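In case you want the letters, here they are:
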Amino acid sequence: MGNLKLNETPIRTSRNFNINNIKLENIDIPKNISKFNNIKTTTNVQEVTANNCELTYGLGNVLIDQIKNNSNKNLKIVVDNKKNENTLVEFNFDENNNILIDNIEIIVNENCTGTIIVKYNTKSNIQCYHNGIIKIYAHKNSNVKIIVVNLLNTKSNNFISIENELEENAKVDYTIVDFGGENSITNYYSNLKGDSSENNINTIYLGKENQLFDINYIAELRGVKSNINMEVQGALNDNAIKHFKGTIDFKKGSKKSKGNENEFCFLLSDKAKSLGLPMLLCSEEDVEGNHASSAGKIGEKELFYIMSRGFSLKEAMKLMVKAKFNKILESIDSEELVNEIVYEIDKRLD
Amino acid sequence: MKSQINEINRNIYDIKNKDEYDFKIKKGLTPEIINEISNQKSDPDWMREFRLKALEVYNRLELPTWGPDLSELDMSEIATYVRPKTKLNNSWEDVPEDIKNTFDRLGIPEAEKASLAGVGAQYDSEVVYHSMKEDLIKQGVIYTDMETALRDYPDLVKEHFMKCVPVHDHKFVALHGAVWSGGSFVYVPKNVKVDIPLQSYFRLNSPESGQFEHTLIIVDEGASLHFIEGCSAPKYNKVNLHAGCVELYVKDNAYLRYSTIENWSKNMLNLNTKKAIVGKNAGMDWVSGSFGSKISMLYPMSILNGDGAKTEYTGISFAGAGQNLDNGFKVVHNAKNTSSVVNAKSISKNGGICTYRSLVRVNENAKNSKCTVSCESLMLDDISRSDTIPTNEIRTDEIEFSHEAKIGKISDKTIFYLMSRGLSEEDAKAMIVRGFAYPISKELPVEYAVEMNNLINLELEGSIG
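Here the protein sequences come in this chain order: A and B.
Position in the first sequence counted from 1, then plus 14, gives you the numbering used here.
Position in the second sequence counted from 1, then plus 1089, gives you the numbering used here.
Just chain A, same shape as in the assembly (with noise of 0.2 Å):
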């Protein structure tokens, strides 16, 4: 058992705002890590010995020094194919493979396109441990979509870090979908590099019981033209907490880039808690940047129309939760994929 402290932010403020980081205390790191077997894949994914492990920020050195030294599942996708290519890993946390130390490269090429989908699932309720890292390298004019989707169960640990490295012309969408997990501790960074890169990261949480949601999106735009688009949408119930900070740093020679950032937090209880610290930094000129931050229940005018239509109260709520998610769920193509995770709003909801 151990305490950590992750997720710090790229500019501090005052220590009493507790934004900063997130500490969490008595968290079982594991030690002895045997193979995780559970897992599926199409063919394109090769399983290799090890992954570059170098992060610009990452969730901090005890989890990223876990995974260079530890780490029991490392792959690679290389994205070389002009049509889009679809690509699935899934992980299943089990009895046997309860514990996951991953390490994802991927590598889309110049030109290239493709679709690349990361499951993580429990379908015990067993407690599972993961920690693992996402890296993008998106060279010239490719174009990737990556759906990465959390539905471990609410008793587990789940900590991952996303980078992205984006080359001209480059666009890389995210879709992350972040149901599971006592703790569930997301950094996710972004460079963009490239002039004329694109970087949208569409995000849906969904929070219950003692849920600790701890959300670190970063974007420092380096490339003329860059874009960086955040939509971040979520729901609380019962005790759950979900920290957000996202960035958008606007670096010098970002001329022309835009960056936006929009987050929305349903508080489905009167026990559940929002933070969010949505930053804009900026040290050029000529760029345009924007954020917007909204908080509150679910409007009592909309609940009394859906249940004047014969609906229940938690059904209302479901659907108006399910409405506000639904502009990032059309965003995956995977029919089966969106079945699934509503199918996970119905039963995290009741």
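If you're looking for bench data, these hints aren't it; they were derived computationally from the structure.
Small disclaimer: the values here were computed from a predicted structure and weren't measured.
Note that CB positions come from ideal geometry on N, CA and C, so glycine has one too.
Everything hinted at is true.
Pairwise CB distance ranges, derived in the manner of DEER restraints:
#: 1; chain 1: A; residue 1: Pro24; chain 2: B; residue 2: Lys1227; range: 54 to 64 Å
#: 2; chain 1: B; residue 1: Gly1229; chain 2: A; residue 2: Arg29; range: 36 to 46 Å
#: 3; chain 1: A; residue 1: Thr70; chain 2: B; residue 2: Asp1501; range: 32 to 42 Å
#: 4; chain 1: A; residue 1: Lys90; chain 2: B; residue 2: Gly1440; range: 37 to 47 Å
#: 5; chain 1: A; residue 1: Lys315; chain 2: B; residue 2: Arg1194; range: 53 to 63 Å
#: 6; chain 1: A; residue 1: Val356; chain 2: B; residue 2: Met1508; range: 45 to 55 Å
#: 7; chain 1: B; residue 1: Tyr1527; chain 2: A; residue 2: Asp252; range: 38 to 48 Å
Listing some non-contacts, in silico: residues in chain A with all C-beta distances to chain B over 10 Å:
#: 8; residue: Lys90
#: 9; residue: Val92
#: 10; residue: Lys169
#: 11; residue: Lys207
#: 12; residue: Leu317
Since the structure of chain A is already known, use the hints to place chain B on it.
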């Protein structure tokens, strides 16, 4: 096409008087120095003990690990108490000529005649002039310097002094608690409406020194007040320090507007603390213009403790070369049906750094509350910097909360539109920047709005190429 927007013309503010004083304490910060300040000010015993305890807290607390770099601040090089060569006066005629001339240049006596109900003027560590209109005295309004208040209203001061802003809040509040001197005390009795503003002006003339004035305002139930604070100093080569403290108590159904035009010199570290406790159905409005200082860390705070309490913050910062202005606002919703509106703007130019840093905290008991935050930053060149760092903590579902921020340059489309209506490019840009600052200037009394517009003095040149 390139716009040139001048920095603030500081000619008036930078005229310095000879460093003459009645007493200047030696530089540094030791219990002996604190005791000497207490002796010089004839403090009551409780205040002497308070100062010494605050010094202990100061020594225990760390410098902030965030915000601008404060490493150049060396307290062993700062004299924390400088008594000017005059006592407190009730007539400008009795104020020594060089000091009076300073305030004349700043327009204080003239403003007093034209638009104020009372004026306090502090020079270095002590208040040198204080007066208030007779009718307010008759209504029981108290407006005096803190030293007089400590002597004449000891219970009222002891009950409120550094209770709203406790010395443990941060290192520079603890410093203030140890070395405070001067400042204003205002008490507005129940149901008294002070229709014309009161103003205190703080001038620091002495080099390598600090100003630590304490402002304590109590607006009793059903009463109202507009208080204006102005501050400036001439520029020196070495660092000066301002670590004032403003404590505001706005009781049930009362209203207070606190306006500040801050124009410290560019060698000043402005590490000021301002906080208001707002009662049931009371209103607290802040209007803040921040133009001076080398480094500023200033985050006024409203604690909405009473049901139905409201607060509004309207602020603008203008950072030019060598300036790092880290300003913002904090609000805590701590009761039902409370509301807050924040409207913050900043302009960065010539390598200046503007940061908007804020906290919105809505506690579990703040059911049915509303909070709206808007901040806009204008970058006037590519060597400046502008950051927005807002923290929003929501602990109840019965809340309507929204925050939005924008960052960017003057829109070419807007310039084009205005020019198509017959304005020159220069006039178009001037109109846009004045329009940007308008939400703040319209909240100020007209004389101060004119001063602020003069501060944002525009000079535009260039051609469309």
